[in-house]
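Protein chains in written order, with this note's numbering: chain U, 1 to 312; chain R, 1001 to 1284; chain E, 2001 to 2405.
Warning: the hint list may mix true and false statements.
[As the list claims (entries may be wrong)] In silico SDA-like pairs for lysine to any residue, Cα to Cα no more than 25 Å straight-line: (1) E:K2347 with E:T2073; (2) E:K2170 with R:I1051; (3) U:K62 with U:L44; (4) U:K118 with R:G1141; (5) E:K2222 with E:F2375; (6) E:K2040 with R:P1052; (7) E:K2151 with R:P1052; (8) U:K62 with E:S2080; (9) E:K2347 with E:T2267; (10) U:K66 with E:T2073; (11) E:K2231 with E:F2166; (12) U:K66 with R:G1141.
[As the list claims (entries may be wrong)] Derived coverage of chain U by chain R (criterion: at least 3 residues anywhere in the stretch with Cβ under 8 Å from a Cβ of chain R; other residues may be distant): (13) 65–77; (14) 132–145; (15) 289–302.
For the record, the hints were derived by calculation from the structure and aren't laboratory data.
These numbers come from a predicted model, not from an experiment.
We treat Cβ as the ideally placed atom computed from N, Cα and C, and that holds for glycine.
Listed below are the residues making up each chain.
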Amino acid sequence: MTIAQETAASTASAATTRRRSRLDAREGRTALFFLLPSLIGVTLFLVVPIVASLVLSFTNWKLLGKPQFLGFANYVRLFTADPQFWTILRNTLFFTAEYLVLNLVISVGLAVWISSLKMGQRWFRVIFFLPTFTPTIAVAIVWMLIFAPDGLFDTMMRALSWTVPGVLTDQTLAMQAVVVVSLWAGVGYNTVLFNAALDMVPASYLEAARIDGATAWDRFWRIRLPLISPTLFFGTVMTAITSLQVFDQIYVMTRGGPGSATATLGYAVYQKGFQAFQMGYASSIAWVMFALIMALTAMQFWLQRKWVHYDN
Amino acid sequence: MTTRSKAAARRALVLDILNHGALALVALLFLFPFFWMVSNAVRSNAEVLAIPVRLLPSVFEWDNFAKAWTEQPFGRFFFNSFVIATSVTAITVVVSCLSGYAFARLRFPGRDLLLMGYLGTLMVPGIMLIIPLYLIINSLGMVNTFQGVILPVAFGTFGSFLLRQFFLSIPNELEEAARVDGASRLRILVSIIVPLSMPAIGLLSLFTFIAQWNNFLWPLIVMTGAENATLPVGLTLFQTQQSTAWNYIMAGATLSMLPGIILAILLQKLIYNSIALNAGLGGR
Amino acid sequence: MRLSIVLAAAAMAGSSLFAIGAAHAQDQVNLTWQMWGDEKDTALWQSLADLVTAEYPNIKVTPQISGWNDYWTRLPVLASSGQIGDLVAMQSMRMPSFYSLLEPLDAHFASDKFDTSVFESSIIKGLSYDGTQYALPYDVGPWIVFYNHDKFAEAGLADPAMDWTFDDFKAAAEKLTSGDNYGYAVQAFDFIAAPVALGAEYFNDSDQFDLTNAGYEGAVGKYVDLVAKDKASPVFASGTNAATASGRFASGNAAMYIDGPWSLISTKDAVNFKMGVAPLPRGEGASRFITAGSGWGISAASQHKDEAYKALQVLTGPKAAQILASAGRALPGRLAEQTYWYDVAAKDVSSTRETLEYAFEHSTPFRINENWNEFENLITQYMPLALTGEKTTDATLSDIQSQLP
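With these hints in hand, go ahead and build the complete structure from the sequences.
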């Protein structure tokens, strides 16, 4: 190239770069404008409280009086000196694992069942979805009456001559009661989610498989399940995050009892924070919960590489 | 049709009926707690706890609904819940549309990092934030006000993420044309993108509304008087120092569930369609 | 001349200031009055508030009612955010946790030579802390046994004597248990009030919890066995605790349960049989009963402490006490007005006057410390394990002890 052409070319590209960087700058400013409401809200109402609660967890603030800086003392106390912490941790993980598995199995099962219907699918979806739209407090109160000692459940067991210990007063059964109530309130959402995903599996794939002689069982495991795996993954992650925070049902039905059978991390934060007013200690429990959620989500994202099929 | 295929067709029909019937039975059992709630709402308080338990009350007290309504200011609770839920929904939708669009269409430094941060906040347990949030609200002088309840919960990041996913699926060409014509980004968002995104926006609105309608702990902490309580908080007001009016609680619970139930029935098609659209994009 | 102008100006300014000051003294003062309660009580509290304005026209008291359950959750939150009312309702059992929110009243008493002996002594003590008075009572009551008088008569049982023993109580409970009906319905608080009546202590000498001493374990064990072994009472679950005993009593499925005068009127109205009350059964020694009650104090952060004190005097005065007693809302802390409660509100319940007078004569201080709230919650959470027999009484009590600071 001649010098003139080179100069022209470099001027042109410089101009393009300048134009692009001007465009970027303008886009950057537009982006800021679009993001500003969200950023302000997120900073003020999410980021600042998160930092504040971290700071709180290093103090012994009791809501009345001045806080004292304690360093890691709260965490040390939590992991070594608190007689209930490991029980609470175990309860939380146990509840999450059992609830997650049962929720997925039941909602996938219901989703498949509903999609196998020739009519009335709409109504079944609505029926199973109803509890999701109702306040958890109200749901828990109804179930508490059912499970109360000498209540409906006990009466039915007696009528059937089954000797079952009182559900809310037995240590193992109390947790199961919480799981049952949570399932009743929670499966509807995933059922509709998975049902929608199943309905989007192209019928042609299934037809072709059927012609090739695949059984319904095969068709489910080899085609439908893998194809809805992104949705399954999404549902699993969201369900896991919410189930680790379980609170409303325990507050109404068992108050963490009998003993510490249903005391979970979420309830412990409330108990320590709003009944004993140990705000600093409660914040440290909350951070343990947060760490747990992050670990579990990270684990799920790692597993998705193996199990989730995206059709690109 | 041959005899064999007629028999096969008959068998298929029987199986179909059994299939539907079995699920119907399951659904009926599933609805039992609703029945139990109403059945306890219309009996006297003494009968709720009587032993042995009866499925149906001996005397139907249908006016318990009216009595529960006046025993506590239920009209007020409904109103409070409604104001809070709609305000949060409105703010969430507007803010999420704006930020979702920025994430989907605009390039700026740190975009992906910010998105990851937004996703990360989804994992933060709500209960951890309640104490600091209360202190912030208090320092802004908003305790026991509607703003105090509404603002901290209206800026969740889930909506931004949801709408970003949806906007990404809208083809760029539609906007390119408008851009060439000199339309501003805001104009494009409002006139083109938003109308096309009604399923996703509808879904976001619905779920935000319901989440706020059912929210218990936060309004409990922020609102200090009975006249400002929301429905879930109002339900617990039936437990006094002296006694607990279970039948009124059940009546109140029934009333508090009605809006959710009605919405679920009326909007089930919207819900299904929106979830279907989302299901197609889930996990990406 | 200048000086005189200055002096005149100063005099005018001074007098206008004086006028402003005087005007302020007559200015409207609005006090907020923080209470727990429900809508039914609003009219009653409003009538008390109106009494204040009748006596002091420039003071207006506005009741602010919140739910019972959440009152204690919200109180410290309100205090720390400066939202607390001028007049604050306080329970004697929560005084150690919350006294710092309230204004000491002794100086105010001295200034108008007020004598607190018009009030029942155990509740005056209950609403004080460390020798300082923080609130004046509007109601007081010992824990007593509510019993189904009709069922007692049917079973041929005489009305309980004032000094009946635990064995008498147990015999009655067992006699009245048959089929679907129980003789007794246990609640979490029973394990606090009843063992004290049997002579046990849950504190050591330095007012710290000592639940594993033989006296307390034995006394708790007696009531636990009544439930777990003799099946004379249904078990309660930690979540349902507060409600079911009174509900079962009202439905006629339980013949006795333990409660206080604060619930007497509402329970009486909810049942369709004749009720009676009796003191808690005693052990080997003499009768002794703990009492509790509620009152109102002035918030330490109030801007109108003098007006609040005036309002307080009216709200806990004889007229207010008479209103509350006749309506059955409270057994007044004021001794002279208690008779309105006996003769008007509680007249259909047998033995109220004798029982309560006997209980007040034999009252013992209700010992509490700043961890009382946690103790009560732990009792509610853990006792069901002992009641179903899953854990021994001793093991359950040491579990609770291990979690108390």
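Structure-based check of each hint:
1. For the hint pairing K2347 (chain E) with T2073 (chain E), the CA-to-CA distance comes to about 36 Å; that exceeds 25 Å, so the pair is violated.
2. Using a Cα cut-off of 25 Å, the hinted pair K2170 (chain E) and I1051 (chain R) holds, with the two alpha carbons roughly 22 Å apart.
3. Note on K62 (chain U) and L44 (chain U): the hinted pairing holds, with a Cα-Cα distance of about 23 Å set against a maximum of 25 Å.
4. Proximity of K118 (chain U) to G1141 (chain R) is assessed by CA-CA distance (about 57 Å); at most 25 Å being required, the pair is judged violated.
5. Our distance criterion of 25 Å between C-alpha atoms is met by K2222 (chain E) and F2375 (chain E), whose separation comes to about 20 Å.
6. At roughly 31 Å between alpha-carbon atoms, K2040 (chain E) and P1052 (chain R) are farther apart than 25 Å, so this suggested pair is violated.
7. Restraint check for K2151 (chain E) and P1052 (chain R): the C-alpha separation of about 18 Å stays at or below 25 Å, so the hint holds.
8. Distance hint between K62 (chain U) and S2080 (chain E) is fulfilled; the C-alpha atoms sit about 10 Å from each other, no more than 25 Å.
9. For the given pair, K2347 (chain E) sits about 14 Å from T2267 (chain E) by alpha-carbon distance, which is consistent with the 25 Å threshold.
10. Simply put, K66 (chain U) and T2073 (chain E) have alpha-carbon atoms about 19 Å apart, close enough for the 25 Å limit, and the pair holds.
11. Proposed proximity of K2231 (chain E) and F2166 (chain E) is supported: the alpha carbons are some 16 Å apart, at most 25 Å.
12. The straight-line distance between the Cα atoms of K66 (chain U) and G1141 (chain R) is roughly 21 Å, inside the 25 Å bound, and the hint therefore holds.
13. With 0 residues bearing a CB less than 8 Å from a CB of chain R, the region 65–77 of chain U misses the requirement of three and the coverage assertion fails.
14. Interface restraint, the region 132–145 of chain U with chain R: holds (12 residues with C-beta to C-beta distance below 8 Å; minimum three).
15. Judged by the Cβ-Cβ criterion of 8 Å, the region 289–302 of chain U is covered by chain R as claimed, because 5 of its residues qualify and three suffice.
In this structure, the earlier hints numbered 1, 4, 6, 13 are contradicted, and the remaining ones agree with it.
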